Structures are given as C-alpha cells and as structure tokens.
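Asker: Based on the provided sequences and hints, a complete structural model is requested.
Quick note on my numbering: the first sequence kicks off at 106 and runs consecutively.
It is worth saying that the hints were derived from the structure and are not from the lab. The structure displayed is predicted, hence computed values, not measured ones. The reader is advised that the hints may include incorrect statements.
[Stated by the list, open to error] 20 Å max Cα-Cα, derived EDC-like pairs, lysine to aspartate or glutamate:
1. Lys415 <-> Glu524
2. Lys161 <-> Glu151
3. Lys415 <-> Glu306
4. Lys528 <-> Glu291
5. Lys175 <-> Glu191
6. Lys528 <-> Asp134
7. Lys234 <-> Glu452
8. Lys316 <-> Glu452
9. Lys202 <-> Glu191
10. Lys202 <-> Glu291
11. Lys153 <-> Asp195
12. Lys316 <-> Asp449
13. Lys202 <-> Asp134
14. Lys397 <-> Asp475
15. Lys397 <-> Asp293
16. Lys415 <-> Glu291
17. Lys153 <-> Glu191
18. Lys202 <-> Glu248
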Amino acid sequence: MLDLRLIREQPDMVRDALRRLNTDAPLDDILQLDEQRRSLLTRVEELKAQRNAGSKEIGKAAAGQERDKKIAEMRQLGDTIAELDEEVRDVDERLHKLLLEVPNLPDPDVPDGPDESANVIVRHWGDPKEPSDSIAPHWDLAENQGLIDFERGVKVSGSRFYFLRADMARLQRALITWMIDIHTREHDYIELTPPVLVRSESMVGTGNLPKFGDTLYHDEESDLWLIPTAEVSVTNYHRDELLDAGTLPRKYVAQSLCFRREQFSAGRDVRGIKRVHQFEKVEMVKFVEPEKSDDELYSLLDNAEQILRKLELPYRVVQMCTGDLSFVSAKKIDLEVWAPGSEDWLEVSSCANFRDFQARRANIRFRTEDGGRPQYVHTLNGSGLALPRTMIAILENYQQPDGSIVVPAVLRGYLGGQEVIEKQPGIW
RNA sequence: GGAGAGGUGGCCGAGUGGUUUAAGGCGGCUGUCUUGAAAACAGUUGACCGAAAGGUCCGGGGGUUCGAAUCCCUCCCUCUCCGCCA
Numbered sequence: 106m107l108d109l110r111l112i113r114e115q116p117d118m119v120r121d122a123l124r125r126l127n128t129d130a131p132l133d134d135i136l137q138l139d140e141q142r143r144s145l146l147t148r149v150e151e152l153k154a155q156r157n158a159g160s161k162e163i164g165k166a167a168a169g170q171e172r173d174k175k176i177a178e179m180r181q182l183g184d185t186i187a188e189l190d191e192e193v194r195d196v197d198e199r200l201h202k203l204l205l206e207v208p209n210l211p212d213p214d215v216p217d218g219p220d221e222s223a224n225v226i227v228r229h230w231g232d233p234k235e236p237s238d239s240i241a242p243h244w245d246l247a248e249n250q251g252l253i254d255f256e257r258g259v260k261v262s263g264s265r266f267y268f269l270r271a272d273m274a275r276l277q278r279a280l281i282t283w284m285i286d287i288h289t290r291e292h293d294y295i296e297l298t299p300p301v302l303v304r305s306e307s308m309v310g311t312g313n314l315p316k317f318g319d320t321l322y323h324d325e326e327s328d329l330w331l332i333p334t335a336e337v338s339v340t341n342y343h344r345d346e347l348l349d350a351g352t353l354p355r356k357y358v359a360q361s362l363c364f365r366r367e368q369f370s371a372g373r374d375v376r377g378i379k380r381v382h383q384f385e386k387v388e389m390v391k392f393v394e395p396e397k398s399d400d401e402l403y404s405l406l407d408n409a410e411q412i413l414r415k416l417e418l419p420y421r422v423v424q425m426c427t428g429d430l431s432f433v434s435a436k437k438i439d440l441e442v443w444a445p446g447s448e449d450w451l452e453v454s455s456c457a458n459f460r461d462f463q464a465r466r467a468n469i470r471f472r473t474e475d476g477g478r479p480q481y482v483h484t485l486n487g488s489g490l491a492l493p494r495t496m497i498a499i500l501e502n503y504q505q506p507d508g509s510i511v512v513p514a515v516l517r518g519y520l521g522g523q524e525v526i527e528k529q530p531g532i533w
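Answerer: As structure tokens, then:
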C-alpha cells in the first residue's frame, strides 16, 4: 500500500511512477475521496468536541429543566454525528479498497520496458552446457530412471501433479536440509516452520489479496488460503507488531509447500516439473530498517547465489524491467539456472525489495533508536531456492550417458556419501 | 464438540455508566551519583488522523445511551475442565 500522504502531496511523482508500470490506478478517485474524507472528518470532529463538552456538563448538573433541555440538545447532536460517521465510514471503505489495488512504485533504477523481453541480464556465472542429443530433458530422464511418476500423479490429483520416487525423493529432502543449513549456519537466518494455511488478512498483508485471489487455493468452509510461498506466512509472522529498536534486521528462512492454481498458464510448460500446482521451496524473508534495504537486497541475492555456486550450476542474474515487476515489488532480481536438456533458463529464485509497501498493509513497524515515532520496516524476500527447478537443473546438468546422475559434491554428505543416483526400480 | 473464564499502551496489569485526561509496575529515554558501568534515586515515556485546534483508539464489527473500556448482540482469539484425536 502506498502512503496516502505521498499521493496527496506528490501526485505527479506518483502518477509518473505508475505510468512507467503501464497501469491506470484510480489516483483521481483516491485524491477526491481523500479530500472528501478530510472535510467530513473536520466537521464531525467539531461536533464531537461539542458533544463531549455538553455531556460533561450534564454529568455535573443537578436534575432539572436545564439538564433535560441539554440532554435533548445532545440527543439531536448525536443523531447528526451518527449520520456523518456513517458517511465517513463509507468514504473510508471506498478509499481503502482503492488503495489496496494500487501497485508499488518501481525504484528509479529499474529499467523501463513493456514485458520480460526488456529484462536486463546483469551477469552470468559458470559455463552453460551446450544442448545435445545425449542430454535428455528431465521429464524423459526422470521417468526412464524411475525417479518421477508423472502418470500416477495425474491419476491421483490431476495434471501438474507428480510423485517423486526413491532417490529422487531423498535428493529433495537432502537439498532442503542442506539449503536451510547453509542459510542458518553461514548466512545467519533463523529457521521457521510456517503454517501453509493462512487467513485472508495475511494474504492482504503480502499483497496476494484482494487482487490475486484467483491464483490461490481457498477453503471456503474455514475461509483459509493455501500459501503460494512461505513469504506469506513469514512476512505476516510480524503482522501488527511494533518491533523493538535494535532488533533489526530480522532474517528468517522457511521451507514450505507452495500451492498455485496456475489458472492462467494452461498449456504452458506442461511437461515435467517446471510449473506445477504444489512444490517445495526454501524462502528467505528479511525485515530491515528503511535505509538498509538497498544493501540488504544484494546480500539476499548473494545468499541465494551461494546455493547455486555450491551446487556448481551455471546461472544468470536478471533484473526485472517495469513491465515484469510484481504488484508488490519496487525492485526484483531473478536467478535463472541453465537446464541444457529442456534448453531453458529456469527461474529458481526471485529476490525483491518491497520497501514499506507490505509493511503498511501488514502494519509492521519498528521503534527507532532515538525513541521517535514508530516507522514502517522494509520487507524483502528471496527464494533460496525453489526445489523442482533446482532438481531439474541437477538432473540435466549432472546426467551421464548411461542415464545415471552424479550427486553434486556438497550434497553427498547429506546422502550418506552416495556419489551417483543409479536407475531406480522401474515404475511398474 | 460440551461447560466455564478471559482479551486494556512496547510488555504486565488496575479499572463494572460521568473529574479516567486509562492507575500502578516492567521496559525505554534523560538526569543525579560514578573514572566508566551496574545498583539506587528523580524526572520522562502510548498509537493513529490533522497545519493546528481538536478528534479517534481498551480484540474486530454492530447496538443501547446526552455520555460506553464499563451494558447488549455478533464474530475472532486465548486459557481451564471434559470429550475426541496423530
């Protein structure tokens, strides 16, 4: 949510920033409602001051004609106040609703562009393998090797569901444990195991609601939502809190299942496990002081990159242009790992600075060291990393001509020293 | 699921219709003392809207009343006992 005062005081700046996003936020309606709200408020508050004074007199006065007259007077005043209160509530509600639909403003250094074609490749790491006939895409490889059962996933749950089998399931567990160990031991994050079902307020806090409800799974009976990322649970961990001075930054890492309806990607990436309805992800979330968030984005990015480097997987760093920013981000940088079998750069991590956008929605503030007024924190998050795509990259980069897969050196300790994943018992 | 008790400032906690302008404590900040710190003592310290005056806020929402933290309705949450349960 944007600061209403910013919209009021620098409407042209806000308008220009939104124009870069190619969105048509109803700024004029917002300004008009804001104006209306404030003039109503002035009137009703004046009347309330009168009523407070009048009621106080009644409390002191002895019973009698004077007192009865005053009471009648105040009753009438009360009716007027009730009417105005009603109007204020209505205007407030409309204003708030509009504000919730305005996207975050892009940082000045975000490149302009209409869509992903204008994203900027910042740099590469590692040597991407040339695709060749001897490098199979993971969907063929994994099925042949008995590592993933796609058919039964579809039978049990539908398209975009699958079973990991045998050493593949073990590999995922090992990866999760290893990634979390790196982030907690080497990068100083606190591990959280979060709920994957959350209330609507939490979804509003991170910006998933009200706009993107149709991409989420929802249980109507209990009115709970399945999270699309642990970002939702972990960011809302501090919702409606006033954090103590000196406790920032707060850094959390959480593994969770993520659930996505993928309603609008029908027909895209239908093969394999690149785009699925349910997947594991290790997610990092930071709550930081506003002046630090620029630097914190880069250290977050580095934390994610460390995982790919240790796995020795070639990747590239891509900065999103204005046309490819998410609703809540001011700045977003993705890591894309090379998959030579699929011949695709896979987004395995998305690192973003939300500035105070989420903090306003979720009401997360901190008390400054100097004891001044509480301020909103800045929130950031980044995947560290998404499991299916990381496993695609491992399968496709580490496969050998006979179909076996070499275990990346850093993971062997987590797999009892195992060096190679051989063909698993067939899918029978 | 049944019965009961609760939800008050950053935290704990008093307050059952009108000088409450929410007591008191903890924590924070400032000062005295000290080489420095701790302790002790003293002072100070809620959030939100507003340029200000002022107004709003006692779990959320609604109601009763001239006036509600206080009474009523409703929802959410916590705790205790019972039942069920991985």
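Asker: Could you run down the list of hints and mark each one as holding or not?
Answerer: To see whether the hints hold, each was checked on the structure:
1. Lys415 <-> Glu524: Distance ~16 Å between Lys415 and Glu524 Cα, so the pair holds.
2. Lys161 <-> Glu151: OK: Lys161 and Glu151 at ~16 Å, within 20 Å.
3. Lys415 <-> Glu306: violated (38 Å)
4. Lys528 <-> Glu291: violated (34 Å)
5. Lys175 <-> Glu191: Roughly 24 Å separates the two Cα atoms, so the pair is violated.
6. Lys528 <-> Asp134: violated (63 Å)
7. Lys234 <-> Glu452: holds (17 Å)
8. Lys316 <-> Glu452: Not satisfied, since the Cα-Cα distance of roughly 23 Å exceeds 20 Å.
9. Lys202 <-> Glu191: Measuring from Cα to Cα gives roughly 17 Å; hence the hint holds.
10. Lys202 <-> Glu291: violated (42 Å)
11. Lys153 <-> Asp195: holds (19 Å)
12. Lys316 <-> Asp449: Distance ~30 Å between Lys316 and Asp449 Cα, so the pair is violated.
13. Lys202 <-> Asp134: holds (11 Å)
14. Lys397 <-> Asp475: holds (17 Å)
15. Lys397 <-> Asp293: Status holds; Cα separation ~17 Å.
16. Lys415 <-> Glu291: Holds, because 13 Å separates the two Cα atoms, which is no more than 20 Å.
17. Lys153 <-> Glu191: Measuring from Cα to Cα gives roughly 14 Å; hence the hint holds.
18. Lys202 <-> Glu248: Given pair Lys202, Glu248 is violated - Cα atoms ~48 Å apart, limit 20 Å.
Hint check: violations occur at hints 3, 4, 5, 6, 8, 10, 12 and 18; the rest are consistent with the structure.
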